[in-house]
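Here the protein sequences come in this chain order: A and B.
Under our numbering, think of the first position of the first sequence as 1, with each following residue one higher.
Under our numbering, think of the first position of the second sequence as 1, with each following residue one higher.
By construction, these hints were calculated from the structure, which means they are not laboratory data.
Be aware that a few hints might be false.
To be verified - These stretches of chain B come out as covered by chain A in the derived footprint (C-beta under 8 Å, 3 or more residues):
1. 24-36
2. 60-73
3. 81-95
4. 98-106
5. 109-119
Glycine included, C-beta positions come from ideal geometry on N, C-alpha and C.
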Amino acid sequence: MTLQQMAVLPVAIPLLSAALILATAPILPRRMPDVLAILIALCCAGLCGFLADRSAAGPIVTWFGGWTPRGGQPIGIAFVVTPAGGWIAAFIAALFAATLVFSWGFFEKTSAHFHLLMLLFMAGQIGFCLTHDLFNLFVWFELMSVAAFALTGYALRSSALSGALNFTVVNTIGAYLILAGIGLAYSRTGALDFAGIARGVSASPGDPVVVASFCLLSTGLLIKGAQVPFQFWLPDAHSVAHSPVSVIFSGAMVAIALFGIAELYWAVFASAPVVHALMHGLLLGMGTASAALGGVMALLQRHVKRLLAFSTISHAGIMLIGFALLDRQGVSGALVYLVGHGLVKGSLFMGAGILLARLGGADEIGLRGAGRQIWPAGVAIGAGGLLLAGLPLGVMDAGLERIWDAARLAGCWPAEIAICAGLVCTGAAVLRVTGRVFAGLGPVPGEEERSPTEDEREDADRPLWLMLLPVAALLVLAVPLRHDADRIGWLAAQALMAPQTNAILGMGRLHAIVPPPWRVAPHSVLPWIATAAAILVAALQLFWHRLPCPLAHGFDRFAAPALRGLSALQSGRVADYVAWLTAGLALFGVAASFG
Amino acid sequence: MSAVLHAPPVTLLPWLVAAWLFGIGLYGIVTSRHYVHLIGCLGVVQASTYVLLLAVGYRWNATAPIFYSHPPGRAVDPVVQALVLTDIVIGVTVTALLLALVLQLHKRKGTLDPERVRPMQP
């Protein structure tokens, strides 16, 4: 079997086996779907990793049905495996494997539907990373979205249903925007293949229709990537979905939407000057706003999963900053950060799942001191909090150092401040939860502070070690792979930023991907400061009631109304979210016409 | 072939219709007080993409792209028609899923006013 034929397997295997599992579910032994799904995810991770490793010697190009380009004109649909898309697909499949281990025996009563949806979800994400055709990208995007909508509502509780409705409505509008963008790109270039469109774009780089196409495509992807002002659906959906589903939402789905923007920019639109200005201006600003806003909102939450959801917005913002700096260092950092953040955030959402299963809730105030019996989970969540705050260990820090360095060299101080704020606030929020739930710190809650949420208990039959195993695996992976991840990120950035357009269209030979000499990721003092500040902020929040009166009073006077206003924006009304979406789209229009 | 593909759209009207449908659909979603109505508005938003895609592929004085009974000649672009078909399939999937969610929500809450069935508040 050639590499070209193998490139199809990472999507074909999960799709076919999902159908087989559904057909044979009634006669399979009870645990069989669990075992099969884990094996399939591991198999896909291995395959994608192998393909990604081999693609360093030249992108692996597969034209479906043998419809190779004729005379430089693409007429078929292609999968192109590069180190960028390939390694991200491998990471996604590995995250799915860990999540499926975590959700072992999660659903006692239902049949194999959960595994089926998870496999479809995985196939959609892997296809999204490997495809080289704009419309095909849309189809994988929709496969992934529909599986995600169904998985959000899977709990069938009324809050889960309304969260899923908000998620579906907002994201479906995003999908139609993407489709409109595809229509515009096709109308100007007559092609759907990335390389074909790129050739049309470079022939008329100033065309307003091309710019409009980029605006629509990136708005749709930014909605999925939960960037300001499109981020409102995310906390509603993440906090009500089952925790294994939230792991994938935060760790993979949001991040690969941003990867999609980066891929489209370099593979298709890089030669259009207005698009360059939009990317370096508006998208950088959106990333900056998201990094800061997500961090502040995370600090204000008491529901652990909601808190983690806001922290995802913040860290996705940091990733977008890395991509939008349009600099090799930043892009390589963002790719590494995507993986590192996925590992850490995945383990944190699993930690929240352990709280739900063992303690029957995820309300931080109500669970004060209740976590002492399950202290190993506390150690894991605390470690996750420190890594989120920027503790200079592991994969996430390697990415952060590069993004930070790129932002510093570009003289982009608002982004630098936002990155700091995001790290400190999200880290502090998680550390505060750890302190309160597992060490019983902070004031004793009064009766009026009980939260009025519904019963969210998740299945508690699973042994603690089984739930802790994937958490530990993700955290352990996140630490020692720093140098390998950084080296691969450097290579992947080259593959992403220098697509071999002509060779893919059959004009010229595909050649090995050779990045400029690799330097070890820089070490700065920032992570130490951010970690220390996060610990300080967490302690401040926990011991607020013991602070001298004037200080606390002053804060309540001035800052509290602003924070209440921010919280009120997150209204839960789909109408508000769609109005913000329209405003964001208008912002794109204004920026493009002045760009 | 490529001359047909690169020909600019002949008239502005379908583009305006697409933009209008998109805007009015969004307006409907923002002001809707019933989820079934809201899903209908989402359908209107989707219809704008149909119009847009068909407008992209339309050619004056051209036939359907079926050359079974007559020799190949000037025809409208079949690629966008295939895209619209896929779009319809996706739209049906999403609508069916949304209606199923709405049905379950109605069983639990007894109302479908988006104002009154908000997700968990902090």
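Results of checking the hints against the structure:
With 6 residues having a beta carbon nearer than 8 Å to a beta carbon of chain A, the stretch 24-36 of chain B meets the requirement of three or more and the stated coverage holds. Proximity of the stretch 60-73 of chain B to chain A, defined as three or more residues with a beta carbon under 8 Å from a beta carbon of that chain, is not established by the 0 residues found. Counting residues of the stretch 81-95 of chain B whose C-beta lies closer than 8 Å to any C-beta of chain A gives 6; at least three are required, and the coverage claim holds. Counting residues of the stretch 98-106 of chain B whose CB lies closer than 8 Å to any CB of chain A gives 5, so the stated coverage by that chain holds, three being the minimum.
For the stretch 109-119 of chain B, the assignment as covered by chain A holds, since 6 residues bring a beta-carbon within under 8 Å of that chain's beta-carbons and 3 suffice.
Checked against the numbered hints above, the structure violates only hint 2.
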